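Residues per chain are reported as follows:
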Amino acid sequence: MKPFALFKKDYHSELRTRYAINSLAMFIIVALSVILFSIGNEKVPQNLTGGLLWVVIFFSAMSGLSRAFVSEEDRGTTLLLQLIAKPSTIFNGKLLFNLILVFLMNIVITLLYSALFEEFIIRNIILFLSTFFLANIGLAVASTIIAAIISKAGAKGTLYPVLSFPILLPLILISVMLTSYSMLGTSFDQALVEIMVLVCYDIIMLTASYMLFDFIWKD
Amino acid sequence: MVWKIFLFLLLAFVSVAGISFPIVENPQTWYQFPLIPGLEENAKIIFFHVPTAWLTVIGFLISTIYSIKYLRKKNLDDDTKSYVAAQLGLIFCILATVTGAVWAKFAWGSYWSWDPRQTSIFALMLIYGAWFALRSSIESEEKKAALSAVYSILAFVTVPFFVFIMPRIMDGLHPGSADDKFTPSGGPVVNFKMNSNMLLIFFLSLIAFTILFYWMWNIGYRSLLIKEKLNKKIIRG
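Heads up: the protein sequence lines correspond to chains Z and U, in order.
Note that our numbering has the first sequence beginning at 1, numbered continuously upward.
Note that our numbering has the second sequence beginning at 1, numbered continuously upward.
A portion of the hints provided could be inaccurate.
With a straight-line Cα cutoff of 25 Å, these simulated SDA-like cross-link-like pairs (lysine to any residue) come out [what the hints assert, rightly or not]: (1) K152(Z) to W30(U); (2) K152(Z) to I5(U); (3) K143(U) to T89(Z); (4) K143(U) to S88(Z); (5) K152(Z) to K143(U); (6) K44(U) to S15(U); (7) K152(Z) to K44(U); (8) K144(U) to S180(Z).
Hints are computed from structural coordinates only; laboratory data are not their basis.
This structure is a prediction, so every number in the text was calculated from the model and none was measured.
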């Protein structure tokens, strides 16, 4: 139950300031409107909208998800956490918080996106939803472990996207592919290999994160 | 000393053979290479470009192995070894990218076209870049070693996606990608159209470049270790 307690603590301190949620919401609006301004009245090719969706998702994730660990370092509560809980518990709690944040964020992005872009039509909903689900898990896991690295390193803000991008690149490439498949209406069976790659990515990242978190946390 | 002379002869032979052996349609003698449809004379890059790409991955592998060693034993010498391997890996990564881009200009018509393998070498370059950025941002030696070791392992587990999975499921221009019209099913170009002498020189080239890498790595980390030792002596007076 301890990870859940940690999650509740993060949830309450988030509700008190609403820092991550507010900045994420504003970031999403800013990013979407920049894209809309730059497009103007042009007709956008269909598969470009699928790619742009993941651009918005990636940069929104980079703007908000490092908070999980950086806030502990800022408040100076890291030592206390190290005393009261095992590293795996801490990671579980933070991962749970980031998972929920990622899911909320991406649901908002996708809904806004499909409302604002007429060309963004999903023909195979099941394929898109499974891509969305698996990619969100991968995004949350990778960004949580990198947030942990960042919080221990000196430069926090700029380094986060730099470190995350190469790690997230396989996930983003496969998700862009799968999104364009689901916009073309490819059947689930034909896209099974790519879905499997996504599942592999999630499992590998989760395992590696659990194994490596101890070394980051105890220094 | 003997193996250095051996390495010199091997590299000299590989360079001469790789560049000068003619490509003909029906190889008759031992020094003729077969014609590979779609590649023709351009096929010769395989003796120099593939080893650099191979060393990029080997450099990363050695760096990760010493990162794991560091995390287990907390010996800063292992961190130095990992650092030097990554430095060399970055050099070979740039070489592979540049030679590949120049080759692509002649074979495909443009320097860069986001072929899956171009994407993957680019991603490797990004990983190396991010790794060095992370290292330069941390002051304390132990912290730097531990965090960069963790990042190196984390990045290494994504490498199979770039090197093995992407080129096989995405359409590309590289010989042996998923929709290569000259090969029945995707896979490396090595297996099917190179004859035995071409294969022999290709593998000799791989071996020679690997030994060269080992030599450079050995000199690199030994000089860094001596430098650190001297620094400590100066500080102690």
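Taking the hints in turn, this is what the structure says about them:
{"no.": "1", "hint": "K152(Z) to W30(U)", "in the structure": "59 Å, violated"}
{"no.": "2", "hint": "K152(Z) to I5(U)", "in the structure": "47 Å, violated"}
{"no.": "3", "hint": "K143(U) to T89(Z)", "in the structure": "22 Å, holds"}
{"no.": "4", "hint": "K143(U) to S88(Z)", "in the structure": "20 Å, holds"}
{"no.": "5", "hint": "K152(Z) to K143(U)", "in the structure": "8 Å, holds"}
{"no.": "6", "hint": "K44(U) to S15(U)", "in the structure": "11 Å, holds"}
{"no.": "7", "hint": "K152(Z) to K44(U)", "in the structure": "47 Å, violated"}
{"no.": "8", "hint": "K144(U) to S180(Z)", "in the structure": "40 Å, violated"}
Hint compliance for this structure: hints 1, 2, 7 and 8 are not met, and every other hint is.
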